[in-house]
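Residue numbers (my numbering), protein chains in the order written: chain A, 1 to 192; chain B, 1 to 217.
Calculated directly from the structure, the hints in this document are not laboratory data.
Among these hints, one or two may not hold up.
What the hints assert, rightly or not - Restraint ranges, calculated between C-beta atoms of paired labels, are given here:
1) A:Leu94 x B:Arg140: 49 to 59 Å
2) A:Asp41 x B:Glu166: 27 to 37 Å
3) B:His36 x A:Met1: 22 to 32 Å
4) A:Glu64 x B:Lys126: 35 to 45 Å
5) A:His140 x B:Glu177: 32 to 42 Å
6) A:His140 x B:Asn197: 38 to 48 Å
7) A:Glu146 x B:Asn197: 28 to 38 Å
8) B:Tyr206 x A:Pro40: 37 to 47 Å
9) B:Tyr206 x A:Gln27: 37 to 47 Å
10) A:Glu64 x B:Glu177: 54 to 64 Å
11) A:Arg67 x B:Tyr175: 54 to 64 Å
12) B:Phe176 x A:Glu146: 42 to 52 Å
13) B:Asn197 x A:Ser19: 50 to 60 Å
14) B:Leu85 x A:Glu106: 46 to 56 Å
Don't be surprised by glycine CBs; every beta carbon is placed ideally from N, CA and C.
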Amino acid sequence: MAEFSGKVVDAQFVDAEHSIIKVLYEQDELIMVYNLDVNPDHPDYKELMSEGWDLEKIAESTAEYKRAESAAFNIEVNEAARALAQEMLGMKVLQDERDRLAAEKEKLGEQVNSKEKVLIGLDKEVKIKTNKVDSAYFEHLWEMNENKEELFKFKLWALELDAVKDAGKEIKSSIRKATRISQGLAIVDTLI
Amino acid sequence: MTYQVVASHRTGSSLLNHYAIDHNDGFGFHELFLKHASTEIQSLRFASTKQKFEFLEYYKKQDIHFSIKVFPCRVITEGYESRLLDYLDGYKILTINRNPFDAFLSYAYQNYTYWKNSHRLVKDNKFMEVSFKIDCSSIREFCDKIKATNKFIDKLDIHNTFEYSELNVPNLNKYFESKFKPFTSPCGVDYKNLATNYTEAKELFYHEMRGSIQRIV
Numbered sequence: 001m002a003e004f005s006g007k008v009v010d011a012q013f014v015d016a017e018h019s020i021i022k023v024l025y026e027q028d029e030l031i032m033v034y035n036l037d038v039n040p041d042h043p044d045y046k047e048l049m050s051e052g053w054d055l056e057k058i059a060e061s062t063a064e065y066k067r068a069e070s071a072a073f074n075i076e077v078n079e080a081a082r083a084l085a086q087e088m089l090g091m092k093v094l095q096d097e098r099d100r101l102a103a104e105k106e107k108l109g110e111q112v113n114s115k116e117k118v119l120i121g122l123d124k125e126v127k128i129k130t131n132k133v134d135s136a137y138f139e140h141l142w143e144m145n146e147n148k149e150e151l152f153k154f155k156l157w158a159l160e161l162d163a164v165k166d167a168g169k170e171i172k173s174s175i176r177k178a179t180r181i182s183q184g185l186a187i188v189d190t191l192i
Numbered sequence: 001m002t003y004q005v006v007a008s009h010r011t012g013s014s015l016l017n018h019y020a021i022d023h024n025d026g027f028g029f030h031e032l033f034l035k036h037a038s039t040e041i042q043s044l045r046f047a048s049t050k051q052k053f054e055f056l057e058y059y060k061k062q063d064i065h066f067s068i069k070v071f072p073c074r075v076i077t078e079g080y081e082s083r084l085l086d087y088l089d090g091y092k093i094l095t096i097n098r099n100p101f102d103a104f105l106s107y108a109y110q111n112y113t114y115w116k117n118s119h120r121l122v123k124d125n126k127f128m129e130v131s132f133k134i135d136c137s138s139i140r141e142f143c144d145k146i147k148a149t150n151k152f153i154d155k156l157d158i159h160n161t162f163e164y165s166e167l168n169v170p171n172l173n174k175y176f177e178s179k180f181k182p183f184t185s186p187c188g189v190d191y192k193n194l195a196t197n198y199t200e201a202k203e204l205f206y207h208e209m210r211g212s213i214q215r216i217v
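Let the hints inform the model, and build the full structure from the sequences given.
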């Protein structure tokens, strides 16, 4: 059994002659590298083949890696060229761009405010017409009542309250043990 | 007072930590310092070691305490040894004595079976038992981790050291004055009979450990 057995993440040829294979495998949450010769008689080579990594698959993986590497290089070159161009255009261009964006931001802000007013108005109209009160907050709380992450956050919040800090061990313990937010709130409520 | 479990891999630390967390009203974590921590709290699961320390330290200052299980080796490797010592200061530290070779056998078996059955579940008492070959190439790394862990534990003010053989429900319930019902129990596998290269591995293991002060005997 090779040290990479059962843990192979990828395999690529190292050289143009396709005589050495670089095996990437995961161990203890780290990606490790193991190089082996293309030698059909070698046990490690046989082990790799037995895990479905034939030469064609390795060649494809190598090509994919090269393509990704090339793309990353191109992006880097483009970024450098862009930076140089910005510098050449001078601060004037940047200043103009900043002014234009600031004006656009202000305009968009006005649009958002206007839309918000319309929506609030519509919301009020709907509520009046359907005779409904806004219960979204409570519905959300009820939905999250037993959610482990929200319950945990609630407990941390509650345990930091001055009233809880000043309370006895039993109160703190009961808040820690609470299985629902509503249960925890009820305990906090006794302290008000 | 809150307990913290500091131990090596495959020493029964999960079972002990279940009790420690239960003793702390369920406020605690298993292996918080794993890269992807074993917790349902998303924000902590993917937090960095630094962020995890910041979280623990902040709440410790607020007098809000968590029981956690720490395998110190990883934390030390990341350069947080003194921060871990500071965090643990003031807590009741629990650790476990297990024969290091037995711990290694358990680890080697889990590696062989791809950690598909890392603990025996109380509800069905099932545990996969298969013949296996010990991967001797992992001995050195495992021994290094044990040595680093023991060195770290020696720096702590230990509240109690459990013998691995003592880690059973009656003893733990008595110790924690609890009626807690754990859902895992020690695997209890006869690795000696299952391992095809037991003698060779044992010889190599003790050769590797020789010269080190063995906390676990």
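Quick rundown of the hints versus the structure:
1. A:Leu94 x B:Arg140: 49 to 59 Å: 57 Å, holds
2. A:Asp41 x B:Glu166: 27 to 37 Å: 52 Å, violated
3. B:His36 x A:Met1: 22 to 32 Å: Because 27 Å falls inside the window, the suggested range holds.
4. A:Glu64 x B:Lys126: 35 to 45 Å: Given range 35 to 45 Å: holds, Cβ gap about 42 Å.
5. A:His140 x B:Glu177: 32 to 42 Å: Once the Cβ atoms are compared, 40 Å apart, the range 32 to 42 Å for B:Glu177 and A:His140 holds.
6. A:His140 x B:Asn197: 38 to 48 Å: Hint violated: Cβ distance 59 Å, outside 38 to 48 Å.
7. A:Glu146 x B:Asn197: 28 to 38 Å: 50 Å Cβ-Cβ, so the 28 to 38 Å window is violated.
8. B:Tyr206 x A:Pro40: 37 to 47 Å: 38 Å, holds
9. B:Tyr206 x A:Gln27: 37 to 47 Å: 24 Å, violated
10. A:Glu64 x B:Glu177: 54 to 64 Å: 60 Å, holds
11. A:Arg67 x B:Tyr175: 54 to 64 Å: At 60 Å between Cβs, range holds.
12. B:Phe176 x A:Glu146: 42 to 52 Å: 26 Å, violated
13. B:Asn197 x A:Ser19: 50 to 60 Å: Given range 50 to 60 Å: violated, Cβ gap about 33 Å.
14. B:Leu85 x A:Glu106: 46 to 56 Å: At 54 Å between Cβs, range holds.
Violated hints, in rising order: 2, 6, 7, 9, 12 and 13; the structure is consistent with all others.
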